[in-house]
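We have chain A already, so just place chain B on it with the hints.
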Amino acid sequence: MSEKNHNVSRRQFLTYTLMGVGGFMGAAMVMPMVRFAVDPILQADAAGDMNELTALSDLTEEPQAFSLTYEVEDGWVTQTMEDTVWAYLSGDEVVALSPTCTHLGCTVNFGGDENNPDQFFCPCHFGRFEIDGTNVPGTPPTEPLHRYDTEIRDGVIYVGRPQPQQ
Amino acid sequence: MLQRIYDWIDDRIDITPIWRDIADHEVPEHVNPGHHFSAFVYCFGGLTFFTVVIQILSGMFLTMYYVPDIVNAHASVEYLQSEVAFGMIVRGMHHWGASVVIVMMFLHTLRVFFTGSYKKPREINWVVGVLIFFVILALGLTGYLLPWDMKAYFATQVTLEIVASVPVVGDTLETLIAGGEVIGAQTLTRFFAIHVFFLPGALLGLIAVHFIMIRRQGISGPL
Numbered sequence: 005m006s007e008k009n010h011n012v013s014r015r016q017f018l019t020y021t022l023m024g025v026g027g028f029m030g031a032a033m034v035m036p037m038v039r040f041a042v043d044p045i046l047q048a049d050a051a052g053d054m055n056e057l058t059a060l061s062d063l064t065e066e067p068q069a070f071s072l073t074y075e076v077e078d079g080w081v082t083q084t085m086e087d088t089v090w091a092y093l094s095g096d097e098v099v100a101l102s103p104t105c106t107h108l109g110c111t112v113n114f115g116g117d118e119n120n121p122d123q124f125f126c127p128c129h130f131g132r133f134e135i136d137g138t139n140v141p142g143t144p145p146t147e148p149l150h151r152y153d154t155e156i157r158d159g160v161i162y163v164g165r166p167q168p169q170q
Numbered sequence: 035m036l037q038r039i040y041d042w043i044d045d046r047i048d049i050t051p052i053w054r055d056i057a058d059h060e061v062p063e064h065v066n067p068g069h070h071f072s073a074f075v076y077c078f079g080g081l082t083f084f085t086v087v088i089q090i091l092s093g094m095f096l097t098m099y100y101v102p103d104i105v106n107a108h109a110s111v112e113y114l115q116s117e118v119a120f121g122m123i124v125r126g127m128h129h130w131g132a133s134v135v136i137v138m139m140f141l142h143t144l145r146v147f148f149t150g151s152y153k154k155p156r157e158i159n160w161v162v163g164v165l166i167f168f169v170i171l172a173l174g175l176t177g178y179l180l181p182w183d184m185k186a187y188f189a190t191q192v193t194l195e196i197v198a199s200v201p202v203v204g205d206t207l208e209t210l211i212a213g214g215e216v217i218g219a220q221t222l223t224r225f226f227a228i229h230v231f232f233l234p235g236a237l238l239g240l241i242a243v244h245f246i247m248i249r250r251q252g253i254s255g256p257l
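Residue numbers (the working numbering), protein chains in the order written: chain A, 5 to 170; chain B, 35 to 257.
With the rest of the complex left out, here is chain A (with noise of 0.2 Å):
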């Protein structure tokens, strides 16, 4: 090969091998580190699991609070959640409504405010939201209160995870 009409000179060559050889060598180094770390984001999620709330003749039309405990495996430890779920009768149909206000997290109670003794009321902005989870218009909230998926076995109520009711 003559020394003549090199498109690419020796000099070049050279950076392009070992920038290409020295890249690929970082990559194998720094690749595994990088999958390493964002593992959390790419781990299936665990929901889907039903968990015993409560006895179904426990219900009546007016929402109560019931405690939820399950379980959740956290890393290298299985913590035990506990969550409150308003739940009441709806004619046969069971309703049961996570209390996280869709403002901005807060806890809301059922009748908490003596003005509306029917709704759930949000102390920390004055939400409001209607029996079924409804937000009231001209109140903080932006969407319903989130609702659990529900089912029936022999008489005990099982619930997933709180979805958005829409």
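Residues of chain B clear of chain A, computed beta-carbon distances all greater than 10 Å:
| hint | residue |
| --- | --- |
| 1 | Ile49 |
| 2 | Ile158 |
| 3 | Val169 |
| 4 | Leu207 |
| 5 | Gly218 |
| 6 | Phe232 |
Below 25 Å or equal to it, Euclidean Cα-Cα: the simulated SDA-like pairs (lysine to any residue) are:
| hint | chain 1 | residue 1 | chain 2 | residue 2 |
| --- | --- | --- | --- | --- |
| 7 | B | Lys185 | A | Gly79 |
| 8 | B | Lys153 | B | Leu165 |
| 9 | B | Lys185 | A | Val81 |
Each pair of labels, with its calculated beta carbon distance range:
| hint | chain 1 | residue 1 | chain 2 | residue 2 | range |
| --- | --- | --- | --- | --- | --- |
| 10 | B | Phe140 | A | Gln47 | 37 to 47 Å |
| 11 | B | Phe140 | A | Asp53 | 49 to 59 Å |
| 12 | B | Pro51 | A | Met23 | 15 to 25 Å |
Calculated from the structure, these hints are not laboratory results.
Glycine included, each C-beta is placed from N, C-alpha and C at the ideal position.
This is chain B only, laid out in the frame that chain A set:
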């Protein structure tokens, strides 16, 4: 594109002299394996540094999952090793890399010794190198306890027995290093802090001094 970004920055803050100072220096023929293949023995210092960089990187990532606590330490190591993607690789890099650092550093020491590179005017750099040697050994020793398994526990017991055999101050020193009367919760947190903060800090400082002196004095001449 990259060139233009570089030029834009260089135009404003003049970074070229900074990296030229670091990267642009003569490599004498007698240390260039391209000229004499046997000159590869001059690579061991650089290889030691390279493995140290891998140790620092993989160690940083390992602390995302590791907890220095007697109840959870082993469980967290088992979790990151068996459940997290590439956990086995990242911990493997740190585990095997620890041995590679020691081997490379030993070969580097032998090279410096047999080429007489420690002689005047480079005596201070030899001393700094020996300090680095001790820091690396201490890093290996403190890291050994962190998985909190049987091997870790009993190896540390032996270490502390050795420390206790020091005349006069032995017992005090043992309590200081173990953080108490038993090898336990306080030993683990202590070793973790030393392994992850104190020794790497000391190591980076010493390495900086080591490198600055090499650049000041140049590479020692051919045999």
